[in-house]
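**Q** Below are the chains, spelled out letter by letter.
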Amino acid sequence: MVTTTPVMPASESLDPSAPPRPAANQRLFDSIPMRATPVTPARTVIDIQNLDFFYGAKQALFDVNLALEEKRVTAFIGPSGCGKSTLLRCLNRMNDLIDGTRIARGSIEIRGIDIHRRDVDPIELRKRVGMVFQKSNPFPKSIYENIVYGLRLQGVRDKTRLDEVVERSLKGAALWDEVKDRLHESGLGLSGGQQQRLCIARAIAVEPEVILMDEPCSALDPIATAKIEELIHDLKRDYTIVIVTHSMQQAARVSDKTAFFYMGKLVEYNDTRTIFMHPANAQTEAYVSGRFG
Amino acid sequence: MADREINPFATQATWFPRFEKGVFWIFRLATYAVLLSGFAVFGTIVVKGAGTVFTTRAPFLNVAFLTQAPETLYVFEYDGAKHELGAKDYRAFRETEEAKAKAAGKPAPKFESVESIVYSSGGIFPAIVGTILLVVGSMAIALVLGVASAIYLSEYAKNGPVVRFIRLAIINLAGVPSIVFGLFGYGMFVIFLGWNVSLLAGWFTLAFMVLPVVITASEEALRAVPRGFRDASLALGSTKWQTIRKAVLPYALPGVLTSSILGVARVAGETAPIMFTAAYVVRDRLPWQVSQVSDFFFQGVMALPYHIYVVSSKIPQNVYTERVQYGAAFVFLMLVAAIATGSILLRNRLRGRYQW
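In order, the protein sequences belong to chains A and B.
First residue of the first sequence? That's 300 in the working numbering, and the numbers climb one at a time after it.
First residue of the second sequence? That's 4 in the working numbering, and the numbers climb one at a time after it.
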C-alpha cells in the first residue's frame, strides 16, 4: 500500500540539521489520495479562546485559540504529550473526571454557549458532543444493547424506535451489512475494526452534533483503518468531527483542517492542504515532513 | 592418539548441589505435612461423622439427625438388656412397661443404672437452620454495606488523607480478633440497642466482622473494571451513578462474589461473635415458629459451630457424646461446602454473562 510506505528514508529524518527539502512535502502529497477539496469557510461550531489548562501544577495547554467549523473534519496533530488529546477531552468536559484538572483562563464556546457556564450540565453536553476512544471499548453486551445504551439511559423504551436507531446507527457506521444477522451476539465477538465502528455507531445513536475521536485507528490494521477513514469521510455530511491522530498521512487523508500542536501550544491551524504543502511555521514544516516528532 | 576428552559441562564437586537438594526436600516435606494434617482433620470428621449422618439401611441418611431437635439420651439396663433411647422414647417406653407390669399385677419394673446424657440424642436441625439464617442475613448486610462503601471509596471519594485513614481503619478492622467483635456486638446491639440475644444482633455482629474483607475485595473488583467502560458510558451522557450502575457494577459483581465466598465460610464458622449475640445453647422452637413477624428478628437461634462447642466442651464427655460431636462437625463442613458451591455457581453464571 502506498500510504504506509515511509515518506522519507529513516536516516534523513533523523538528522534535524538537514537542509529543508521542499520536494519532501510534495512527495507526501503525491503519495496520498487527498480527498479534502479546498475548504470554503463554514460556520464556527466550537470556539476556543485563550485556553490555559492545568493538570495539578503542570500546565498542559497554553493560550489556545481555535475555531472549529461545522461539518468539517479537523485533525489535531503533534508529537506525544503536546496536549492534543487534552484539548479534545476539554471539548466534552471529560477532563472534569480527572482529579486536579482545571482551566485557568480562557473559554470554550459551543454554538455560542460557554460550556463551563454554571447552567451547562456536562451530562447534556456529552450527549451533544460524542466521543470515540483510542482503544475500542464496547460493553460486554450484545451489539444491539451497545447501541441503545445511550437511549436507554435517556429512558427510551419504545422497541420500534430502538430498532430504528440501531439500524440507522449501524448503517451510519458502515457496519449494518456485517452484523445485521447477529445483533444479539456479544459486541466483543467482533474484530478490532468492527468494534471501533460499533463504538462509532454507539456514539452516533444519541445523535450528537460533534464527534470527538481520540486516535481511533491507532490499534487497527491498515485495512480496518481505511474503512474507518472512509466512514469519517461519510460522517462529515452530518457531523462535525474532531480527530486526534499520530499519523500525518491519516490527517492528510481525512481532514479538511489541521491544527498542529507542540508542547501545549497551538503552532499552526489552517486548511490541511496548506498545513502540509505550505506550512507557515518552520516547526510545522519540520513535523509534517517527518524531521522530528 | 587423541587427547583425553575434557568435558566442560561436568558436575563441579561442591557442596552446593547437595545443599540445594536438601532445602528442596525440606520444602517438599513441609507441603506434605500440611497436606497430611488436612487429610487427618477431614478424614477423622468424615469417617466418624459419616457414621452418624449416613445409615446402612435405606434411605441411607439419618433423617432424624438432620430433621429433629436435640434430645437427652438415656442409657439404661432393663430386663437384662442395655438400651439407648432419646428422652421422648425413653418416657414412652417406661410408661408402657410400667402399665404392662401393672396390668399383669407385677411390681413396677426396674430400670437400672440410668444415665442421661444431654443433647446426645435427636438431631441438629435447629442448629442447621440457625446457621443458614445467620449466614444469609449477615452476608446480605455485609454485601450491601460493603459494596456501598467500596463504591464510595473507589468511585466518589477524592483520594486524600481522609480516604487513606478510612482504608487504614478498614485494614486494621480485618485484624481484630472475632471475640472482640462478639463483645462489641454484645455491648452495642444486645445491651445498648436492647435487641437482646437475637438474630438481628448476630447478623450485624457477623456482618461487621466480614465487612473489611468485603470492602477491600469489592474495591479491588471495581478497580479491575476497565476504564474504557466508564469513559464510554460517561461520553454517552450518563450520570456518574448511571455509569456505576450500568457499566461498572455488573462487571465487578463476579469479583465481589468471589471474595464473599471466603466471607461465607468465615461467617458460618465463627463461634465467638455469636455466643454473646445470637446463639442459644438449645432452643426447641424453630425460628419460624413465632407469634408475630417482628419476633423473628429478635429471637436467638441455635448455630452449628456453637452447638459443636457446647457438645464438645460443656457437657461431660463419654462414649455417647461422640456421635453428635462428629455428626455435627460433618454436617457443618458439608453445609459450608454447599453454601460456597452455591456462591461459586452464581459467580460463574454472572461471569459468563458479564465477561469482558
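I should point out that these hints are in silico values taken from the structure, not numbers from a laboratory.
What you are looking at is a predicted structure, and each value in this text was computed from that prediction instead of being measured.
Heads up, the beta-carbon is just placed ideally off N, CA and C, and yes, glycines get one too.
Some clues are possibly wrong.
Subject to a maximum C-alpha distance of 27 Å in a straight line, what follows is the list of computed DSSO-like cross-link-like pairs (lysine-lysine) [to be verified]:
#: 1; chain 1: A; residue 1: 479; chain 2: A; residue 2: 564
#: 2; chain 1: B; residue 1: 91; chain 2: B; residue 2: 105
#: 3; chain 1: A; residue 1: 458; chain 2: A; residue 2: 434
#: 4; chain 1: B; residue 1: 317; chain 2: B; residue 2: 51
#: 5; chain 1: B; residue 1: 51; chain 2: B; residue 2: 24
#: 6; chain 1: B; residue 1: 85; chain 2: A; residue 2: 458
#: 7; chain 1: B; residue 1: 103; chain 2: B; residue 2: 161
#: 8; chain 1: B; residue 1: 113; chain 2: B; residue 2: 85
#: 9; chain 1: A; residue 1: 458; chain 2: B; residue 2: 103
#: 10; chain 1: B; residue 1: 103; chain 2: B; residue 2: 113
#: 11; chain 1: A; residue 1: 357; chain 2: A; residue 2: 535
#: 12; chain 1: A; residue 1: 458; chain 2: A; residue 2: 526
#: 13; chain 1: B; residue 1: 85; chain 2: B; residue 2: 317
#: 14; chain 1: A; residue 1: 370; chain 2: A; residue 2: 458
#: 15; chain 1: A; residue 1: 470; chain 2: B; residue 2: 249
#: 16; chain 1: A; residue 1: 479; chain 2: B; residue 2: 249
#: 17; chain 1: B; residue 1: 161; chain 2: A; residue 2: 357
#: 18; chain 1: B; residue 1: 103; chain 2: A; residue 2: 434
#: 19; chain 1: B; residue 1: 243; chain 2: A; residue 2: 434
#: 20; chain 1: B; residue 1: 243; chain 2: B; residue 2: 91
#: 21; chain 1: B; residue 1: 51; chain 2: B; residue 2: 105
Covered stretches of chain A, going by a simulated chain B footprint (3 or more residues, C-beta under 8 Å) [as the list claims (entries may be wrong)]:
#: 22; region: 404-416
#: 23; region: 436-444
#: 24; region: 498-506
**Q** So, against the hints stated earlier in the document, which numbers end up violated here?
**A** 1, 3, 5, 6, 7, 9, 11, 12, 14, 18, 20, 21, 22
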